[in-house]
Amino acid sequence: QVQLVESGGGLVQPGGSLRLSCAASGFTFSNYAMSWYRQAPGKERELVAVITSAGGSTHYANSVKGRFTISRNNAKNTVYLQMNSLNPEDTAVYYCQAVWKSVYWGQGTQVTVSS
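Here the numbering used here is used: the first residue of the sequence shown is 10, the next is one more, and so on.
Keep in mind that the hints were calculated from the coordinates and are not lab data.
Quick caveat, the model's predicted, so the values are computed rather than measured.
By construction, the Cβ of each residue, glycine as well, lies at the ideal position given by its N, Cα and C atoms.
There's no promise every hint is true.
Beta-carbon label-pair distances, calculated as ranges [claimed, not checked]:
#, residue 1, residue 2, range
1, Q12, S80, 13 to 23 Å
2, S124, V11, 10 to 20 Å
3, P50, K85, 27 to 37 Å
Whole structure, please, built from the sequences with the hints as guidance.
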């Protein structure tokens, strides 16, 4: 049974940091590129960051470049998103996605940036 389980979301003040985790099971994690997406209320889901299967290459949306860092630990079947200098525009549900021969999604974790 394929599972992607996100964790680490919550309420944080502007300028603060959070680290999201996405634990994978039920498939060969190291074969899959992993991504983080987010969806704010009333908006379409957007790509935040991508990391290749071996972790050698990453890509970021312009809106998070320099503030967010995606990483992965293939031994732990986990992908991370370190988010720094958060602002209210980062408020959204954050989803992880696995892509290779299939596409899998997690259930999402809420991130709220507010004072």
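For each hint, the structure was consulted:
1. A beta carbon spacing of about 20 Å between Q12 and S80 agrees with the range 13 to 23 Å that was offered as a hint.
2. In this structure the hint that S124 and V11 lie 10 to 20 Å apart at CB is violated, the actual value being about 38 Å.
3. Judged by the Cβ atoms, the range 27 to 37 Å given for P50 and K85 holds: they are separated by roughly 32 Å.
Checked against the numbered hints above, the structure violates only hint 2.
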